[in-house]
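Q: The listed protein sequences correspond, in order, to chains S and F. The numbering of the first sequence is the numbering used here, which starts it at 2 and goes up by one. The numbering of the second sequence is the numbering used here, which starts it at 313 and goes up by one.
Keep in mind that the hints were calculated from the coordinates and are not lab data. Some clues are possibly wrong.
To be verified - Take a look, some chain F residues computed to stay more than 12 Å from chain S by CB distance:
hint, residue
1, Ala316
2, Arg363
3, Pro366
4, Asp379
5, Ala387
6, Leu388
7, Ala425
What the hints assert, rightly or not - Which residues of chain S face chain F? A partial, calculated answer using Cβ under 10 Å:
hint, residue
8, Thr77
9, Val200
10, Arg390
Glycine included, C-beta positions come from ideal geometry on N, C-alpha and C.
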Amino acid sequence: MAETAGYNIDLPPAMIEGATAIADWTLVWPVALPLFGAAVLLMARKHPHVQAPLALAVIAAVIASCVTLMLRIADTGPVAMTMGNWLPPFGISFTADMLSALFAVTSSVLALVVLLFAQSEIEPREVRYGFHQFLLLLLAGINGSFLTGDLFNLYVWFEVMLIASFGLLVIGGRRIQLDGAVKYGFLNFIGTTIFLMAVGLLYGTLGTLNMADIAVNASRADPTTLTAIAALFLLGFGIKAAAFPVNAWLPASYHTPDPAVSALFAGLLTKVGVYALIRVLVALLPAMRIELDMVIAILAIGTLLLAPLGALAETNLRRALGFIVIGGIGAMFAGIAMSVTTSSGNALAGEGGGIGGAAVYAVHSMMTMTAFYLTAGLVERMTGTTDTRYMGGLYGANAPVSILFIVLAFSASGLPPFLGFWPKLTLVRAGLDAAEYWLVAALLVNAFLTTIACARLWSHIFWRNGREADQTEQPNDRLKPLSARALRWGLAPTIVLVLAIVGLGLWPSALIEYGRLAGVGITAPDAYIEAVGLAGGAQ
Amino acid sequence: MEHALAALCGVFFTVSIYMLLSRSLIRMLLGITILGNGVNLMIFTVGRLTREVPPIVPDGLVQPATDIANPLPQALILTAIVIGFALFSFLLVLTYRAYEELDADNTDTMRLAEPENPPSPPLSY
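Only chain F is shown next, with the shape it has when bound in the complex:
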């Protein structure tokens, strides 16, 4: 099971890197989402997979009787999902505003902050 999920993570990363290499901001956003999901899946997998045993200590015991699912990766992923979602929403709005203001979805034509043919530096002094 771990191997299958590891391979799936690999597919996620491949797809996301392909998308991130695109010039279109929308594709890059999709790439970022997939990258985030790939990382979350990866954290889940490295926490080792255990099926159907909730991490709850029964009454009268101080530690669980059997092997349990690892709860920590789930807590980590939950945090990462929330943060990733917030940042993704911000980037989505930012992209939309940039599209409105700069009239560009293509990173090649977004050259306001870095002019395309920069002036030569002054030759005096």
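Next up, chain S with everything else stripped away, as it sits in the complex:
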């Protein structure tokens, strides 16, 4: 620190004088608004009919501030603000770069879609038990994880997210939900505890928890110690992201709650793990990521290959989709494993390497998987079962849903012209540049297997006339048409989301450019460090 220049004034030099600029507040709104909104909704719990409109207004405001933040970052680079006027690294910083803002915008928009969809199925008692409050708290936890610039703070937001997701997971109180929640709860708690362990050890090694400060100081510490810590981070975030072989909790729990809740989980929660992994391993400890490259590549290949096989073997619709979510995590891990150098040894920093592809893939996976689970919810409502063996004949009963399903199936498999094609293309190109041929092969095989798994689901649910075996040709007499409520609140938001997926697939250049900016920001975090105010290195 500078010597005691402010000796005889009240403020020591560790503090910023003057108030925070109003513009910097956009960084906190995406977290503060849902927290505040949840508190207000809790006070208004006796008035069930105001809950949804209020939650809608809060999420709309969150989206507005996230979009403002993203446009500002695209314009002027990363934004930082430090709490309580302490100078970094003493205060807790909120720091957003392109990756954070991109993910925060996507999550908030999806939370809005899920809120609308939930109106088609939510029971009055679930509103009373606090569905909307938990939804807002979950959004606060997710946005907090994306926007924070402090590692311990990241742990706190993980726990906020975890406890809100517990609430949403058990809110109906059905037996199957309790079973799923036990597995989800225990394994995720262990995952965050391992993450906390790594945070503690990193603090003991570097003496700081500010992310920018860690990025500056990481090269000074013993690389062996840091690699061990990075491996712990990989395990903790791997559990959160449901990467193979620690993925068992996801297909055990994501199909148990209401479709809207499982759509939200499938879209958002695992991607927070991926975000944290990218942030810590690539931006903060890049040298350690290179040490762990082989491990991450093996995890990626295992996840990519085994997940769609799980989906093929599954008869429960939403469980099968859970395996497809896991396959997407494998693609993002592949992006992390191939991020930095080309075969000729040139740094890919200008391109963002695989990180840009992983970022776009995460956005695609959030949108596609949320829409997929919502569509599955509609399918389950029409067929009255969760088992694909007893579904069938839906094409005749409801053609629009079958179109939604096939569009999402193609998008999830990465077929053009839908959204899933572009991140896969970016990843494959980055993999060829970096001469990671095994990863490229695994990505392509994954696309092929996912296509088969999704096409099988589609043909079983929609294409054949009736149920399995000898009843295949008899019309399915158990189908129920969607109610007016389900059409307005269930089908309409899903169609809008699918249209957004198609639109982004047809005009992807803006998204790819944002993804490239995110990748550059992560692989070359100078601007991030400068925004926090630590450009001159540690004092």
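Since the structure of chain S is provided, determine the placement of chain F on it from the hints.
A: Then chain F, alone, in the frame of chain S:
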């Protein structure tokens, strides 16, 4: 002193992993508590141990005169204890409800969400 506490953390982790590998949910809960305490103790230890010097700056000085105890790990642990306690209470209630509803304390018999002998996928198409 640090070495002794580090060894104690190791014992905590060993015990908790042993407990977590059990099939009984109650034992797993105990394992989770011990794991949380082990991590808290570990954060305390990596913050370096200083005895009996509170981190308070005396009047008239802008920085403490001697080496002081590191206050940050205590703040971290306090946060982690509160969060861990909240999650543990939730898991405890969840386990109790699961015991009531599913009549099972053994994870091997909790197969509602994942049926034990899953049906084969349809062979048509």
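Q: What hints, given by number in increasing order, does this structure fail?
A: 5, 6, 7 and 8
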